[in-house]
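Asks: Take a look at the letters that make up each chain.
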Amino acid sequence: MSGLPFYRRERGEHPPALTPGYKSSVLRAPFRPLVSPEQTELDMTGPTFGHGMLGPLDNDLIRNASQGGEALGERIIVHGRVLDENARPIPNALIEAWQANAGGRYAHTNDGYLAPLDPNFSGCGRTMSDGDGYYRFRTIRPGPYPWPNNGSDWRPAHIHLSIFGEAFSQRLITQLYFEGDPLIPLCPIVNTIPDPDVIERLVARLDFKNQMPFDSLAYRFDIVLRGRRQTYFENREEGA
Amino acid sequence: MTREPQKDGRLKETPSQTAGPYVHIGTAPQSIGREPLPNQPGPVAYDGADSITIEGVIYDGAGEPVRDAMVEFWGADAQGRTGEHGLFGRATSDFKTGEFRFQTVKPGQMKEGLAPRIDFLIFARGINLHLHTRIYFQEDQALVEADPELRRVAPKSRATLIAQRIDGGAKAAYRFDVNLQGENETVFFDV
Ligand SMILES: [Fe+3]
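Chains as they are written, first to last, in numbering that gives the first Met the number 0: chain P, 0 to 239; chain V, 0 to 190.
A couple of the hints might just be wrong.
To be verified - Okay, derived cross-link-like pairs now, DMTMM-like style, lysine to aspartate or glutamate, Cα gap no bigger than 20 Å in a straight line:
no., chain 1, residue 1, chain 2, residue 2
1, V, K11, P, D194
2, V, K110, P, E40
3, V, K170, V, E54
4, V, K105, P, E40
5, V, K11, P, E12
Just so you know, these hints were derived from the structure itself, not from any lab.
Please work from the sequences and hints to get the whole structure.
Replies: See below:
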């Protein structure tokens with residue numbers, strides 16, 4: 000039922016745990032090497048979600064926290080496909096998104112940035128991929144914000160994304176950045192990823208032709224989750 | 000961005016980034032005083048009379064509680080069945096004490112030789128790629144020691160994976176503290 004095991008996670012394609020340029024990692028990074036056991040049924044299955052769980056406005060952050068008006072800011076569509084490493088679409092992938100408002104302020108009790116809250120924006124939404132792995136949500140482009148790290152560092156505009164595929168092994172939380180943002184190369188969190196080509200994969204591209212005319216610009220962002228090995232033979236070879 | 004297959008036909012996994020200090024907005028709105036979204040997973044995965052509670056604190060390398068973590072758990076049901084029978088949920092660290100707490104079922108054995116366990120993921124500011132550990136149970140000590148999956152883990156480290164019973168009542172409660180680094184560092188997995 001659950002099928003073949005997943006390819007090992009290529010750790011070089013992710014930020015290492017200890018990244019001193021991002022100070023919060025220093026006391027939160029394990030020292031010891033990770034243990035790599037065989038994958039069991041528990042790793043190869045996971046919680047699954049259905050489109051029925053979503054509310055009608057979950058994928059519209061411009062309106063889903065409305066107090067009578069719409070959220071302020073540049074209106075954008077974020078869309079793309081959820082694929083696995085074998086380039087197969089992943090249907091019913093749950094994507095949870097959270098972000099700052101257009102001024103760079105989070106609607107969170109612990110955020111004290113001086114930019115004002117937007118009463119019509121909570122910065123929380125959800126969407127789910129369809130049978131072709133396609134997903135879409137509408138929001139406003141978040142503002143950059145300062146944070147204490149090396150003095151006042153600035154985050155580039157970003158949307159946090161949490162993704163569930165079909166198995167717990169595919170679980171992923173990441174951040175989406177926007178093409179052309181000059182703050183991307185200056186950000187210590189972006190730069191936890193040492194390889195600029197890998198960073199590029201977190202940059203959503205302006206998708207001008209898929210705009211909603213006179214309403215919203217579009218950005219394209221495809222998501223790739225781990226894929227299953229193609230044959231059991233290959234599994235044994237790699238696992239040896 | 001748009002993905003094209005690599006030479007070997009495989010795409011590269013999207014890289015991880017830290018969940019950050021405001022992970023609650025998107026994953027656990029109830030922890031910041033908002034309504035959870037419909038059917039959003041929370042800290043109670045099972046509420047039967049035979050439910051168990053697991054609580055703990057995640058400590059950083061300075062011994063300070065991590066107060067802004069979001070944790071996820073995934074385990075088999077009481078009969079050891081996964082997939083659609085599995086139990087999933089989420090909890091957050093208390094902003095003041097760092098305590099997390101969740102309620103689920105004591106999982107059964109998935110198969111002969113494997114000790115019952117719950118998979119446990121930790122997301123937080125300063126954690127660039129979520130940490131994956133496992134919660135085993137004190138009463139299953141013998142099964143844990145015989146589990147081939149844990150062969151390569153030294154006994155002292157193996158002890159970091161075992162939740163300790165903290166009550167004698169009918170409803171079982173367990174303590175599972177996590178140390179992110181140092182002398183008593185918890186074992187983390189690359190599964
Ligand atoms: Fe952020």
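Asks: Please verify whether K105/V and E40/P have alpha carbons no more than 20 Å apart.
Replies: holds, 17 Å
Asks: Would you mind confirming whether the straight-line C-alpha gap from K110/V to E40/P stays at or under 20 Å?
Replies: Within the cut-off at roughly 10 Å; holds.
Asks: Quickly compare the C-alpha distance for K170/V and E54/V to 20 Å and report which way the hint goes.
Replies: Distance of about 14 Å is within 20 Å: holds.
Asks: Is K11/V close enough to D194/P, meaning Cα to Cα at most 20 Å?
Replies: With a Cα-Cα distance of about 13 Å, the restraint between K11/V and D194/P holds, given a limit of 20 Å.
Asks: Taken at face value, is the distance from the CA of E12/P to the CA of K11/V at most 20 Å?
Replies: The hint holds at about 8 Å.
Of the numbered hints stated above, none is contradicted by the structure.
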